[in-house]
Each structure stands twice: as C-alpha cells, then as structure tokens.
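Chains as they are written, first to last, in this note's numbering: chain A, 752 to 1064; chain B, 752 to 1064; chain C, 752 to 1064; chain D, 752 to 1064.
No lab work stands behind these hints, which were simulated from the structure alone.
Because the structure is a prediction, the values reported are computed rather than measured.
Incorrect hints may have been included.
The list treats identical chains as one, so a pair stands whether inside a single copy or across any two.
For lysine-lysine, the following DSS-like pairs were computed, each having C-alpha atoms within a straight-line distance of at most 25 Å [what the hints assert, rightly or not]: (1) Lys1039 <-> Lys917; (2) Lys983 <-> Lys832; (3) Lys1027 <-> Lys983; (4) Lys839 <-> Lys862; (5) Lys839 <-> Lys910; (6) Lys973 <-> Lys1039; (7) Lys839 <-> Lys1039; (8) Lys973 <-> Lys832; (9) Lys909 <-> Lys983; (10) Lys983 <-> Lys839; (11) Lys910 <-> Lys973; (12) Lys862 <-> Lys832; (13) Lys839 <-> Lys909.
Number of protein chains: 4
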Amino acid sequence: MTFTVEDLQTILDEITLAVTALPAEGEVACYIPQLAEVDPDQFGIAVALADGQIFHAGDAQTLFSIQSISKVFTTTIALRKFGDDIWKRVGREPSGDPFNSIVQLEMECGKPRNPFINAGAITIADTIMEGRTPDELMEEILQFIREIAHDDSIQIDKKVAESELKTGDRNASLAHFMASFGLFENAVDDVLWAYFNHCSITMTCEQLAKAALFLVSDGLDKSCGVNVVSEKRARRINSLMMMCGHYDGSGEFAFRVGLPGKSGVGGGIMAVVPGKASIAVWSPRLDKVGNSYLGTLALEMLTQRTGWSVFGH
Amino acid sequence: MTFTVEDLQTILDEITLAVTALPAEGEVACYIPQLAEVDPDQFGIAVALADGQIFHAGDAQTLFSIQSISKVFTTTIALRKFGDDIWKRVGREPSGDPFNSIVQLEMECGKPRNPFINAGAITIADTIMEGRTPDELMEEILQFIREIAHDDSIQIDKKVAESELKTGDRNASLAHFMASFGLFENAVDDVLWAYFNHCSITMTCEQLAKAALFLVSDGLDKSCGVNVVSEKRARRINSLMMMCGHYDGSGEFAFRVGLPGKSGVGGGIMAVVPGKASIAVWSPRLDKVGNSYLGTLALEMLTQRTGWSVFGH
Amino acid sequence: MTFTVEDLQTILDEITLAVTALPAEGEVACYIPQLAEVDPDQFGIAVALADGQIFHAGDAQTLFSIQSISKVFTTTIALRKFGDDIWKRVGREPSGDPFNSIVQLEMECGKPRNPFINAGAITIADTIMEGRTPDELMEEILQFIREIAHDDSIQIDKKVAESELKTGDRNASLAHFMASFGLFENAVDDVLWAYFNHCSITMTCEQLAKAALFLVSDGLDKSCGVNVVSEKRARRINSLMMMCGHYDGSGEFAFRVGLPGKSGVGGGIMAVVPGKASIAVWSPRLDKVGNSYLGTLALEMLTQRTGWSVFGH
Amino acid sequence: MTFTVEDLQTILDEITLAVTALPAEGEVACYIPQLAEVDPDQFGIAVALADGQIFHAGDAQTLFSIQSISKVFTTTIALRKFGDDIWKRVGREPSGDPFNSIVQLEMECGKPRNPFINAGAITIADTIMEGRTPDELMEEILQFIREIAHDDSIQIDKKVAESELKTGDRNASLAHFMASFGLFENAVDDVLWAYFNHCSITMTCEQLAKAALFLVSDGLDKSCGVNVVSEKRARRINSLMMMCGHYDGSGEFAFRVGLPGKSGVGGGIMAVVPGKASIAVWSPRLDKVGNSYLGTLALEMLTQRTGWSVFGH
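Construct all of the structure, not just a fragment, from the sequences and the given hints.
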C-alpha cells in the first residue's frame, strides 16, 4: 500500500504491460460508425500529480473521442455561470437505468436524474447555449477546456460529430421528449448539434489528466493560482462523478476503483484522487454497460498498488 | 477548514444549538406505529475519532431504533461468511427508485439492486440464516454488533419488531415476490421475522459511532487489534454506503455531506470519515425520501466546519 | 358462413379431428405441480345453444381445473351483491401487461386494472368474503355455479388448491402488496386460500357451456325463467371478457375469434355468442401468454365455419 | 329496447337536447393551439343505416378535425396494401397506458402495441409512405377517404397540421425513438409531416358516418357493390377499434357503449353496429383520457335506446 512517487512510472509501465497482455474482451461502441473505426486494442494511461508532475504509459499521447467525459466540463461551465440554479432543470441522483433510458424521464416529467446521463447533458447544453449558435457555444466550451488543460491545440473531430448526428435518433428522441414538457430554451436541433459536437472533442490521456487537476485541488488551478471553481463546488463535481459517472456501472466502479470518475463510450475514463492526483486512462473496448473494459481494470490495479481510494486512508 | 480536535466539542455543541433552534420540519415515520410514538424533536450527535476518543452532544445517549442502519451490520456478517458469493444474490448499484419499490425487482428477475434497499436486506437475512431459527440468527447478529461496539447491553426492541410485522405487508410482498423466483433458502415468514427484528435493534449515537470505527480504520478494530474485515472489504462497504446508503437521496447526501453513510427511518444516520472518524447522528423527523432531516443538516454543517469530505483534501 | 343447427355436430367433429391431428405445440402450465400432471393431449369442445340444446365432441365430459374462468363467476357474484360499488376497488381496462405483473399495481396505488387479472380476482375474493371463513365463501361460490350450470356435482379439487398454495408466492406477493395500501377487509391468508380454492373448481366443457348460458341471453336463465343478472349487467360482463379475458392475449383473441371469452391456465376457454350460443373448449397445452393453444385455434375455426363473431353480421 | 327506424330521428333529437342541456364538463384539447380555438360547446350526431339512410341531429354538418379517427383509414389502407405483413411492425393488443406513452416502446424494442396509439399510427404512416413525399402519400389517403365517404370535398386543414408540427415534440420523440431501433423506412421528418397531415383532415359527422359504412357490412360498400376490404379484414378492423379505439379508456367505452369505435382528440367518435349502422358523434370537450365527454355519453344513451350492443342481442 505504500509507494513513492519514483515508483509511479514503474507501476504504470507494469499495469500497461499486464492489461495489454490480456485476451481482448468487450466491444468498441458500434452505434457511432466513426468510433467503430478506431483500433480497438490501444491502451494509454496518464497520471498528473497535484504538484503538476505527469507520468504516463502506453498510448497516452494518442487523441481519442472524449464523448461523455465532456459532460464534466459542460456541467462545470453551467455551475460557473448559473450556480445552483441548474438543479432546477437537472437532478443529482444516480439513475439506476441504462444510460439512455427514456422511462425515467416520463416518470419524472422530463427532468433528468443527473447531468451525466445523456438527457441531463443535453439539458445542460440547452442551459448554457443562451440563444447563441452551436458554433458560438462550442467556441466557449473549447476555450474552457483549453484553459484548464493549458493546451490550445484541443479540437473537435467534426467527422465524429456528423456521424453522431446521423445515428442520433435516440438522443433526438430524448431531446424532443424533454422539449415536449416545455423545458427547452433553444431549438432542439441546435442543442443536439452542440451536444454532438462537445462529445466529439478529441484529447489525449495526458491532456485529460491535466484538465482534471482543478478537481484534485479543491477547485484551484495550482499552475496559475486561479480558482476554476470554489472548493465547495469542486467537491460537489467530484461527488457527482462518484455517484453518476459510469452510467449503470457507477456502483461497480465505486466498489472496484473507489474514486470519483467519468467514463465515455470512446473508451476514456477520467478519475480524481482528491489532494493527490488526477488520472486519465483510455482503451476502446467497452464492457456491457458502456465503460472501458481495460480502463476500469487498469484503474483497479492502480488503486490497489497505490492505496488511492476515497474509502480508505 | 482547519480545526483542532479540541474544537470538536465546541463544534458539536454549536451544531446542536443551531439545528434544535430551527422550526420543526419533516415527519416521523408513521407506517410503523411504534416508531410514531417517539418524541419527534430529539437530536443527538456523537463522533468517534480513529484513536477511540468520543465526543458527543444533545441526546447522544438516548436509545433509538436503528432500522436500516442494521443493514450495514448484516451485510458485513454476510461478507465475512460468504465473501463475494453474496453478489450472486444481490447487486451493488444504486437503485434510483423509492426505497421499497417492487418494479425494479420485476425488471431484474427478483435480484435486488443492492443490500441496503429493503429487498436486498431481506435477501441478506435469508443468506445468513442458514436454516436456523430467527432467534438463533438474531443471537449472532446481536453478538456481532455488541463486539464491534464493545457494549453487551445492546438489545432488540420487541415491541417495534412486532409493530413492523403487523404493518409489514409491503415487505411481505417483496419477500414473497423474490421467493416466487425460487430465490429463497428459508421460509419466507422466518426471514421476515428476522429482518423485522434486526431493524428493531436499539442503540445510542455513542454506541453507533463506536460500532462504525472498523470502517474508519480499513477494517481494523484498533482498540483490540482485531481485523473485523479486510482492508479491501472495509473500503467496499464504505463504497456501498456512499452509493446506496440513503435510498433515493444517496446522490443528495453525497452532494451535501460528501461521506459514506447509512440512514434508517428511525431517524439515525451513521457516517464514516476514512482514516479520521465515525459519526452517528439521530433526529426522528424525516425528509420526503426517508432520511433524517436534522441529521443530514447537522452532518452537512459538521463537514463544512471540519473540512471532512472524501471529495476534497 | 351459413350453417344449420343440424350441421353443428358435424362441424364440432371435424374441428376435433383437425386440431387433434396437429403436432403438439405449447406447454401445460408447470408452475402449479398438480396441473402439470394432466395428460396434455386431451381436447374437448361443447356448444350450448340459446334454447338449451347441447352439442359436444372430444373430451367434453372430462373434468378439468377451470382456474381463471372462475373469475367470471366470482365477478358476477360481486356484481349481484354490490353492484357498481365494486368498481371502487377494481378497474375495467385491459392491463397491457403479463397476467401477474405487479408493476401496474404500484403505478396505480394498489387498484388492479380489471377483475380478471390475478390481483383483481384476489380483490374480488376479498370483497365477497365479508368476514366469513374461506370455507363459507366457497360454499356460496360453489352454490352459485351449481345453480347456473344446473348441476349439483360440481366440486373443488383440494389437491390442486393445496398445490397452488404451496407455489403461490407470486399471488401472495400481489395480495400483501395490495394490503400494504390498506385495501384489504379480510386477512390476506384467508383471501388467498379462498382464491386458490375457487381457481381449483373442476368442471367439464359441457357443464361450463351450460353455466355460461345466462350471458348468451342478456342475463336470463331461460331454462327456469330466472334473471341471473340484469340485461345491462350481462352485457357488461361480456364486455369485460372481451377486453380482459385473455391476459395479454386479449387483443389477439378478439382479432382471431371475435367473441367475448375467458381463459384459464388449466387449458379451458369459455366464450359467448350473444343471443346464439355459449361455447366451452378445453385442451391443456398453452401458448406463450397462457391461453389454450388448441382451444383458441378450435374457436377460430368454429367462428369461421359458423360466421359467429360480434364484429360482423 | 325495441325501436323502429322511424323512431331514430326522434331518438337523435332527444339525445341532442338532453346532452346539450348538461353543464359543460371536460376541456378542449389544448396542446394543439389550433384545436383550442374551436367553440367547445358544439355537438353533432349522425347515424348511417346499413341500407344507406342517414339520420342526424345537432351540428352534424360542421367540419371538425378527425385527428386519431384517421388512424382507422390509414390502417385500412395498410391492410389493403400489405395484408398481415403490417403485424410485423405493429401489435394488436390494447396498450394499457396513456395514449402517447414511450415507456411501453422501450420495453418492447420500438414495436408499438397497436396501430391506434400514436406510435403505432406513425409506424403505419411510415409503412404506407413507400419512399414517396408526404404530399403524394396524403393524396392517396384523401382519395381513399373521399371514395368510401362518396364525397370529393374532404380536405386537410393545413393550419391544424402546422400547429401540430410546431407543438409535436412528443410525437417527434416517439418517431425518433422508433427510428433508433432501425425500424424506419422513410425520413423521420417526412413521416411526421404525413402523420400530422392525416390527423388534420376535417370531416362532418355525416361524412364520417358514411365513410364507416363498409365496416357495418363486412367490408362491402353496398352503394356501389365494391368490397373495400374482405369480410374477415372488416371484422378484424372492428375488433381493433373495440380493443384499442379509445386510448386508455377502451375498456370503459366497451363497458358503457358496447360497440367498436375510434375517438380523436378533436372530439369526434366513429362507431360501428355490425350489420346495422355506423354512427359519428362530435363534441370538443374531452374527458381525462382524451375521449369526447358528450360524445361518449350520447353513444351510451343511443345504445340504451336502440339496444345496439355487440354484447347482447
């Protein structure tokens, strides 16, 4: 359970070796054709310590589609702009349902259970759009992510966005469903396009680990001394990731990994060890609830080796 | 955010003063007649530090019905006896449904989502009964709780158990429903009687805080150097409390309090600050999802004053 | 489409020959062990014309367990005793759900959708019990059926009733669930025992066809000139059979057969051609929604040969 | 219960007098703004006898929006073109759910329960579109209705269609939801536009009663000796109307009126007395499940006066 920072590189190398040696399990997300073209057997991991040091192994510098991980960033933007008012439109309870279920929405009159299920993230996109065009909103979202990651090269993969739009009937259904309760401020098609775009942002594990550092340090970006969000809000974003970050596998992730984290169907997972480190891991094959198969396994191994868990000391 | 242990008594006293001065909100659980007779305006809080020091304020030495908090103890017993085999009969995902919903059970063929909803706890009772009588099982459960609390005086309130049995149609329905899938090893009526009995155990805040100390110290009972459960298992019990400990208000509790915890409709909440302290709080009036109204508020104030939260540092 | 009464015997013989020549399809109800012991390949059919003439073919004089067909008789008794007051406790809409689903009950606060699903029939049993013992209630039910069938030999098969009780967890769950809404007037166990008993009444096709004649003649028992129920009520019982008589296969039965009817998992179906005839058919193998496979087919053939359908002229 | 054709005009006049004298109950459908502008207190009724004679009273010659009644015509067109193949895409069981529920669709993988709920009718529109434009499809639908009603003046109210499109998020959600299962052959927006258009056809009670005559006479249009559909198919369309014609009030309509019928949120109801007559009634105020309040009442009175019911003789 004890390890020194010097050991970290060795640990990451060993984990990478171990998980990539396993027989392939799980499938790449196939409902977005563009994502299905990715080489499924890649694996990368990056750890950013609270002091800014970065360690990585495997394909940690390969760009991948961050997909639902982007929901952490749009929720942060929404909290910065509207504070607790966002909870009028979206809840903060785990959903207990497959990630794109429409049943719960009907039961609860169009109010999504949390900002990390699809319906919730679409609602957040509507909330922060404020009458602007999807392009204008995307400019703001990209700008925010570039700032917290300290990297101006971060971009949207427009081919993925278009691929998602073409096969996006389920999300269109969710959006029109919520709009039917009179809950939308912007045109449904505009909100959907913005949503598909922010899901199509591409980042590397290294960029993602850096972008998450403000959640390690109670909201503070230590590299420049700027508060991205307040301490209280940073902790609450972590609590949302813990409770709702892995669709209907959130309990399983808490049980096995013990850290706040957010996964995406592109195969990425971003996790936070409060006070200590942020972690990004990526491997495209998914388990049956939509979370990276090797990514989860690697995080489980990492937390066992390091003792990192919010549930122990 | 910084405080010394010396401040702790002052903090507890101030919190007690503050919350008891508030106008009464919420109602005492009324579906169990015996519980409805409790004076609704009591409030107690106790903190046990990892080193064994105890601080308390208010009605911390008054006995109350621990109700669903007992599920943490029966789950621990089940894990000690059967290890990961228990996950064949019960899941570990938040339920996203009111605490006694039968809908989810139908969807998932009689397998409860987690051991802390009623159906899950009844399943755990069936698992650990092993052909014995309810009285024999209760002997074991009481024995375990007395050991970890280091207090042989802990008892069952038989009047409450009988009151629950009389009004227990919903739980009887859940039990027969699961039995209809062929999932029960013991007679339904015996399992129900054991379940109503362990929910009717009475403890004080002080006893409860002490009983939770093994979850603070990665499974170790420091007072006697005995491992109640392994480190890994202690962390996993904490993760279950975080994800599923407050019925359909688990997300809210994580968001506001930021600690693993388990509530009961008797008005008690048991919470864990890994490595630092265990906390027990009690006040009978409940919010609309069934968690202690003042108890949650007091924990929120306490974590703000102490900085205790697993989501920050 | 045209046929004379003289043809009827020929038609029944031909249908019997045709359906018994088919390869066996469907399974006997297996969740009630006693029913599973029946020879699955029996087939009987009986037609009672409005004037009292009886025609039959196959095993029309073999006793079988009428199961849910008994719900028509208990509902008739309830309507005779309490009139439209029964609709306070049970609805009259098709359920659109498998026949023993508990989900709908939760959505609608313990009020079953109609008197022919299990929950509804259990509610009817509670309604007509009126503080009596199950034996006293059964005496009344048997007496009523013997009167309308003009046959004092009709009995309960106690072995089947006991078999149902032993495997009746699903029905016990439904009953306790409804009781949890405070909706029961008698002890749950008594009501269940009465319910299992009236489902275990045994009759022949011939007896059943005779018993249904009052529904052919707008409520009148022509053989003795007595009104079993009023014209309006007879029509309404027929409408309930049409809308709800075949569990989640009611639409299919209306579509293929076009007559009001009620099936039971013992393999029987009782159907009504208003103004013309009543029909009883029996064959133990069931389709996947729980209705007699050959029974439905025979009724479809019969209505095609005779032109009997309420949806044409 | 006995009446002569000569009495029919008197009966209709008396019913009209009686129902229009009642205090107003129910509300006009408000979710389609254009429909909300209709004078809510109109009432019309028309009866077409099998021999072609027409009787009417009240506002029987005022045009109104037929809305869901159009689903009977599109289903008939689909059956004429594709026969029983349509049952691969749509079921024939009552839905047991509010008329636009999406929950059932999720449970049953995007296959609507029957062609008369919104999802089912949208599926039928997709089925009969066959790659054509919405205008081309509408031309065919209008042509069919004009033929069976023998009236070339029947039109679409484009203002209503546009009003429905603007507020049609719920239907858009249903359509995209089904499309997400890969079940759509045409563009979702085209299918929706066709659907909104055929719901916006306007007819009078007189036209509607005439259009339904083929369902009275086993599929035959007696005025010209043409079979609109086969006898078997006409009976099956009647059975669908009986089982599914009034949303979640189908059981109630069968219970009170006892005839196959189809209602629309414009306040119209079309009903069939096999072999005898077709009836159209219209009054805009709706009961809580969406069926015409006075329309249902008038039909109940009419069937009591005439003895018309498929459940008696």
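Each hint, compared with the structure:
1. Lys1039 <-> Lys917: within (23 Å within a copy, 38 Å between copies)
2. Lys983 <-> Lys832: For lysine 983 and lysine 832, the Cα distance is within 25 Å only inside one copy (15 Å; across copies 40 Å).
3. Lys1027 <-> Lys983: both (17 Å within a copy, 20 Å between copies)
4. Lys839 <-> Lys862: Within one copy only: 9 Å inside, 33 Å across.
5. Lys839 <-> Lys910: neither (34 Å within a copy, 35 Å between copies)
6. Lys973 <-> Lys1039: neither (38 Å within a copy, 41 Å between copies)
7. Lys839 <-> Lys1039: between (32 Å within a copy, 17 Å between copies)
8. Lys973 <-> Lys832: Intra 22 Å, inter 47 Å, cutoff 25 Å: intra-copy only.
9. Lys909 <-> Lys983: neither (35 Å within a copy, 44 Å between copies)
10. Lys983 <-> Lys839: Within one copy only: 19 Å inside, 38 Å across.
11. Lys910 <-> Lys973: Answer is neither; intra-copy 35 Å and inter-copy 58 Å both fail.
12. Lys862 <-> Lys832: within (20 Å within a copy, 42 Å between copies)
13. Lys839 <-> Lys909: Classified as neither; 32 Å inside a copy, 37 Å across copies.
Checked against the numbered hints given earlier, this structure breaks hints 5, 6, 9, 11 and 13; the rest are met.
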